[in-house]
Structures are given as structure tokens and as C-alpha cells.
Amino acid sequence: MNSAPAPTPAGEHRLRHLIGQWLFHLYGFAGYAFFYLPILILVIFSFNDSRSVSKWAGFTLRWYEAMLQDRQIMIALWNSVFVAVVSTAIATVLGTLAAMALERYRRFPGRLFADITLYLPIIIPDIAMAIMLLAFFNLSGIGLYTWKVNFFGVRLAVPVSVIIGHVAFNISFVAVVVQARLARMDRTLEEAAQDLYATPWRTFWRVTLPLMMPGVLGGALLAFTLSLDDFVITFFTSGAGFNTLPVRVFGMIRKGVTPKINAVSSLMLGFSLLLVTLALLASRGREERKVGFF
Amino acid sequence: MNELLQRKPSLRAWLLLAPSILWLLIFFIIPLGIIVVYSFLERDVYGGVVWKWTLDNYRRVFDPLYFKTFLYSFWIALLTAFFSLLFGYPLAYYIATRPEKTRNALVLALMIPFWTNFLVRTYAWLTLLRTNTGLINVWLQQWGIIDKPLPLFGNTFAITLGLVYGWMPDMILPIYAALEQLDRSLLEAAEDLYASGWQVFRRVIWPLSLPGVIAGTMLVFIPSLGAFVTPAILGGGKRLMIGNVITNQFLGAHDWPFGSALSVLMMAVMLVATLIYFRTGGEEARRGGLG
Numbered sequence: 022m023n024s025a026p027a028p029t030p031a032g033e034h035r036l037r038h039l040i041g042q043w044l045f046h047l048y049g050f051a052g053y054a055f056f057y058l059p060i061l062i063l064v065i066f067s068f069n070d071s072r073s074v075s076k077w078a079g080f081t082l083r084w085y086e087a088m089l090q091d092r093q094i095m096i097a098l099w100n101s102v103f104v105a106v107v108s109t110a111i112a113t114v115l116g117t118l119a120a121m122a123l124e125r126y127r128r129f130p131g132r133l134f135a136d137i138t139l140y141l142p143i144i145i146p147d148i149a150m151a152i153m154l155l156a157f158f159n160l161s162g163i164g165l166y167t168w169k170v171n172f173f174g175v176r177l178a179v180p181v182s183v184i185i186g187h188v189a190f191n192i193s194f195v196a197v198v199v200q201a202r203l204a205r206m207d208r209t210l211e212e213a214a215q216d217l218y219a220t221p222w223r224t225f226w227r228v229t230l231p232l233m234m235p236g237v238l239g240g241a242l243l244a245f246t247l248s249l250d251d252f253v254i255t256f257f258t259s260g261a262g263f264n265t266l267p268v269r270v271f272g273m274i275r276k277g278v279t280p281k282i283n284a285v286s287s288l289m290l291g292f293s294l295l296l297v298t299l300a301l302l303a304s305r306g307r308e309e310r311k312v313g314f315f
Numbered sequence: 381m382n383e384l385l386q387r388k389p390s391l392r393a394w395l396l397l398a399p400s401i402l403w404l405l406i407f408f409i410i411p412l413g414i415i416v417v418y419s420f421l422e423r424d425v426y427g428g429v430v431w432k433w434t435l436d437n438y439r440r441v442f443d444p445l446y447f448k449t450f451l452y453s454f455w456i457a458l459l460t461a462f463f464s465l466l467f468g469y470p471l472a473y474y475i476a477t478r479p480e481k482t483r484n485a486l487v488l489a490l491m492i493p494f495w496t497n498f499l500v501r502t503y504a505w506l507t508l509l510r511t512n513t514g515l516i517n518v519w520l521q522q523w524g525i526i527d528k529p530l531p532l533f534g535n536t537f538a539i540t541l542g543l544v545y546g547w548m549p550d551m552i553l554p555i556y557a558a559l560e561q562l563d564r565s566l567l568e569a570a571e572d573l574y575a576s577g578w579q580v581f582r583r584v585i586w587p588l589s590l591p592g593v594i595a596g597t598m599l600v601f602i603p604s605l606g607a608f609v610t611p612a613i614l615g616g617g618k619r620l621m622i623g624n625v626i627t628n629q630f631l632g633a634h635d636w637p638f639g640s641a642l643s644v645l646m647m648a649v650m651l652v653a654t655l656i657y658f659r660t661g662g663e664e665a666r667r668g669g670l671g
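Chains as they are written, first to last, in the working numbering: chain A, 22 to 315; chain B, 381 to 671.
Read the hints as simulated data drawn from the structure, not as lab findings. Hints should not be assumed to be uniformly reliable.
Simulated crosslink set (BS3-like; lysine-lysine; CA at most 30 Å straight-line) [said to hold, decoys possible]:
| hint | chain 1 | residue 1 | chain 2 | residue 2 |
| --- | --- | --- | --- | --- |
| 1 | A | K76 | B | K388 |
| 2 | A | K76 | B | K528 |
| 3 | B | K432 | B | K448 |
| 4 | B | K528 | B | K618 |
| 5 | B | K528 | A | K276 |
| 6 | B | K618 | B | K481 |
| 7 | A | K276 | B | K448 |
| 8 | A | K276 | B | K618 |
Partner residues are not named here, just some residues of chain A that face chain B (Cβ under 10 Å, in silico) [as the list claims (entries may be wrong)]:
| hint | residue |
| --- | --- |
| 9 | F45 |
| 10 | S73 |
| 11 | K76 |
| 12 | A149 |
| 13 | I185 |
| 14 | L210 |
| 15 | A213 |
| 16 | A214 |
| 17 | L217 |
| 18 | F256 |
| 19 | V297 |
A quick note: this is a predicted structure, and the numbers were derived from the prediction, not measured. C-beta atoms are modelled at their ideal positions from N, C-alpha and C, and glycine is treated no differently.
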């Protein structure tokens, strides 16, 4: 839709049209201000040289220093990254395979069951999924297992239940993103490869996978973001003593508002921006410049 | 084995699906079943369940104390969907009427908050809205606009604002997608027939954007109904939604069967809403076909 103004002969009409356009611009500006101002103010007050997050008292980096020296926050940060890396890796492989099945084989026995199982986790609110998993891990005893690992020199003890939960909600998102990519893919190249006597395996590695790579990358980035951002499911499935960054922030907020929380929040915002940039770079590989969720 | 796979495509499909479906079967469908079963059991005093069948948990949901919370959550979700539509529709229209390059940039700018942490975004509003030390009240008092702090926190206003802030992009994007595909010649035709601006909107633009409106409303309504973080932080402990009550049953009161019953009912409400959406969505598609 383009906004070529309709030709209005009378000058009065033209003026009204201009005022209307101007008000419309103002509204658009206000809308984006609504989305960005709270975040901007949050970041600004992470540099505030006072315990207050509403009265400016000069610039400082001491809250960032305090954050870096807070062992619990640093462990939480590494926990977040570890959980995100592992769950993204598993969910991306599983979700991609599922997407291929759903896109390639349109009709097969059990298709409806597969669809429901794959899409339900997207519709169900995280609080419901969280208590379901809590009850399950409690009943099965899986909740007791922790994965002790040395991650880049940091010793972590990550409950297996958290990783399992993250994979469970990420598979569906990866499958949706990859399926969308596959639906737009040119199948003739695969047929050409097969006509040239490439084995199915070779066709997959040399043709299909490179073509769907932007979708797979997009799905993986979405999964990574969702995993890093998740609070509710981690909160319920981790048990006491295990923190990811959002769980830690929630605990800190409950104790009171300090600029240190603003500093941790800014760090998390920085992470998100980095991921958006990566997602943009990944989507550049696409032939169509269609904006949307990949 | 290979031959069998060659002959039976459905077997190949299931081989690809098996890992994810198995994962979700064990870690999603079975847990869902456990919650449903729990909701019909009795609690034991130590926070576990007793294997005795009962309907008491569902009866308790209709206890005025809890039912009020249910209705309140429903009301909040409705308010959130309503205000997201009211403020989001013009914004979607604004984006859709920009030149293509601006348009793409604006959509991206809308997606960025989407990718940032929900908890962080809610916390941002906490620092703005708090009654005595919140930025808005501090500034308004400094500028002499108000004498006493406004009640911006720990109430329906704060929770709804937080949810609208969090979920409005979910409303804007589908409406934008519908408006972007709108055939411009239809608008020209309407103008040629001397339709007023309002008539063009009412008779052409709005009906054609309706699928986007319905999708957006669902996408905002469902997560708002199940909200837990927003009321926990912006409700100030005074205003509870169903998500908070469920949390208390599982982590505080240790009444898992009752918490399960609340979750099952919440999911049932969402399922009904989704079904209504698919039915009306289908009818809209048929009616909106324009011949």
C-alpha cells in the first residue's frame, strides 16, 4: 500500500490532508517512543551514581563493576549461556528433521497427531508448561540429576530438567521457522541433482541443506533467544539454588530495585541486540527480501 | 531397510519425525496427562498427592475467592487485547502506508523489543511506575503538575500497561501483514465512487484487515490470560492473576491437585478461544473473498 495522496482540488482540503498526515506522523513517532523510551531510561539509570533509579546523580560505571564482581550473577550468566547452547543444538537438529518431514510428506498416517504435538507447545502459555514439567520431573525423579560440567573454565552444575524443558519448548519454534523456509524453497534444484544420479544422502548435504541453511540458522537463533529469555520454565524446573540470568534478576527485583539490576538488564539487552544483528545477517542469505519472522 | 524406506514414504516421514515427537511425547504430552490426572486427586499434607479420585478441586475453583481471580484474569486479558487493538491498529496502518524502505525499517524496529527479555521490559516499567520513587511520579511532582503521587502501581492499570507493552507487537504484526497485502486499486475504486475517508475505512480497509485483527487479538489474549511475571512485578503483590495463584499452589501452598485443576481450566478457556478464532477466521476468509 502506498500513500500517494488523493488529488484534492480545494486548498482547504489540501490543508486538512496535510494536518492529518502530520498528526499521523506524530502518532507513529509516539508509538515507537512508547516502545523504546522505557528501555532507554532503564539503560541510562544503569550509569547512575546513586542507589536511586529515578533521580540522576551523575555518571558512573560502578554498578557494572558490582555486577562483574557478583559471583552469583556471573555463574547465572554462564548457566544461561550453557543452557541456551545445549538446548539450541538439540532443538535445532530435532526441529529441522521434523520440519522436513512435515513439508516433504504432505499426507501420511498420524499427520494430525504430529501437527498437534508439534504446535501445542507454542499455544500453551509458559506457566502451564512450567507446572506440567515440574510435576513430571518430580514424579519421575529426573529433577534430581544435575550435569556437572566445566564450561570455559567455569564449573557449572546444571539440572538436566532445565535443558530438557528448554528443548521441549524450542523444538516447535525451530520446526515452524524451518518449515516456512522449506515451503519457499525451489525444489527443481534437488530434482536436478537426482537426475544427475546424486545419491539421496549427497543431494541432502550438497543441495538441500545449503538451501535451507538460512532457515535453520534463523530457527537456531530464535531458539537461542527464547532460551536465554526464558524465565518461567527455568524458574519452575530448576529447583532451589540454580539461577539463570532471568531467574537471578527476578530474585533481585523481589528484594528491591537497584541500579545493579539495571546494569544486568542492560547486559541482557545487549545480548538481545547482538542476536538480532546476527539474525539479520543470517537472513541476508535469502533470495526474497520478505520481512517477518523469517 | 533401504528398500522398505524407498517404498513407504510415510515410514520415511515418521523416521524424521520420531526424535522430536518422542521428545515431546515424553516431556510434554505425558506431563500434560499428569496434570490432568492430578487435578482429580486429593492433596496430601506433605505437598504430594493421594490417589483418591475427587471433583473437589474443580468445585473449589468456583469458590468466590478463586473464581474472582479467574474473572479478574479474564478481564485483564480482555483489556489488554482491547487496548493493544485500539493503539496498535493505527500504528500498523501507519507502518503499512510508509514507502517500502521505511516500512521494512519500522517493522524491524518493532521486532527488536520482541527479541529482548520480557522480564527486563517489565522491570523497566517497574522503575517508571512505582508510587513514591517511580520516575513518572517523581518527574510530575518536580514539575509541579501533581501534588500527590498518582496511583500508577500495584493495580489493574499497571498490569494492563505492562501486558500491552509486552504483547502489542503481536497485535501490530498480523494487522500490518493484512494491510500490506491490501490491493490499492480497491481504495482507488472506492474513492472514484466518492466514498468518504471513513466509508473507505469502514467498508474496504477494516473488513480486509479483519483476519489480521482476529489473529492479533488471539496472540495477545492468550498469553495475557496466563500472565505470571507481569502481575508478580507490577501488581505489587496486591493484585493476583490466575498465573500467580497457580504458582502459589505449586511453590507455596503445596496443593498440587488444586493448582492442576486451575491450570486445566485455564487451558480449557484458551482452547475454546482458539477454536472460536479458527471458526470466525474461516468464515471471514470466505466472506472476505470479494467474489
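Outcome of the hint check:
1. A:K76 to B:K388: Since the Cα atoms of K76 (chain A) and K388 (chain B) sit roughly 69 Å apart, the hinted pair is violated (cutoff 30 Å).
2. A:K76 to B:K528: It holds: about 18 Å lies between the C-alpha atoms, which stays within 30 Å.
3. B:K432 to B:K448: holds, 28 Å
4. B:K528 to B:K618: holds, 21 Å
5. B:K528 to A:K276: Roughly 26 Å between the alpha carbons, so the hint for K528 (chain B) and K276 (chain A) holds.
6. B:K618 to B:K481: violated, 46 Å
7. A:K276 to B:K448: Holds: K276 (chain A) and K448 (chain B) sit about 29 Å apart, inside 30 Å.
8. A:K276 to B:K618: It holds: about 16 Å lies between the C-alpha atoms, which stays within 30 Å.
9. F45: holds, 6 Å
10. S73: holds, 7 Å
11. K76: holds, 7 Å
12. A149: holds, 5 Å
13. I185: For I185 (chain A), the interface hint holds, since the closest Cβ of chain B sits about 5 Å away, which is under 10 Å.
14. L210: At 20 Å from the nearest chain B Cβ, L210 (chain A) fails the 10 Å test, so the hint is violated.
15. A213: Status violated, d = 20 Å.
16. A214: violated, 17 Å
17. L217: violated, 19 Å
18. F256: Since chain B brings a Cβ to about 9 Å from F256 (chain A), closer than 10 Å, the hint holds.
19. V297: holds, 5 Å
Of the numbered hints given earlier, the model fails hints 1, 6, 14, 15, 16, 17; all others are met.
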